[in-house]
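Visitor: Sequence:
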Amino acid sequence: MSVDEKTVRRIAHLARIAVTDEEVPHLQGEINAILSFVEQLNEVNVEGIEPMTSVTPMVMKKRQDGVTDGGYPEKIVQNAPATEDNFFLVPKVVE
-2 MSVDEKTVRR IAHLARIAVT DEEVPHLQGE INAILSFVEQ LNEVNVEGIE PMTSVTPMVM
58 KKRQDGVTDG GYPEKIVQNA PATEDNFFLV PKVVE
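Numbering (this note's numbering) for the sequence shown: -2 to 92.
Just so you know, these hints were derived from the structure itself, not from any lab. Worth double-checking, as some hints may not be accurate.
Pairs of lysine to aspartate or glutamate, EDC-like flavour, derived with a Cα cap of 16 Å [as the list claims (entries may be wrong)]: (1) K3 to E19; (2) K72 to D62; (3) K3 to E27; (4) K59 to D82; (5) K72 to E47.
In this text, all values refer to a predicted model and were calculated from it rather than measured experimentally.
Please put together the full structure from these sequences, using the hints given.
Guide: What follows is the structure in structure tokens.
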């Protein structure tokens, strides 16, 4: 797969990058080189290889999921303009 000058200009427009006429051939060569490398990666046989998220096996540290009020509701609503029983009061927006 290769890109032409029109595609390079479209990519630059979508990326909001100002590209002069002199820069287009150079960028076209760079984009074509990147696409060529990606095509080489498609040729690699990955059958039987599981996807991985890291080069080293890692286990996510997990904590117990528990619902709490934070232990200090008074401090949470302290700066609110209006509260009632440690809840925020907001104006009615839907009739």
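Visitor: Is it true that the CA of K72 sits at most 16 Å from the CA of D62?
Guide: violated, 23 Å
Visitor: Taking only the CA atoms, is the gap from K3 to E19 under or equal to 16 Å?
Guide: holds, 14 Å
Visitor: Quick one, are K72 and E47 close enough, alpha carbons at most 16 Å?
Guide: The hint is violated at about 48 Å.
Visitor: Given the hint that K3 pairs with E27, test it: the Cα-Cα distance must not exceed 16 Å.
Guide: holds, 15 Å
Visitor: For the pair supplied as a hint, K59 and D82, confirm whether the alpha-carbon distance does not exceed 16 Å.
Guide: violated, 33 Å
Checked against the numbered hints listed earlier, the structure breaks hints 2, 4, 5; every other hint is satisfied.
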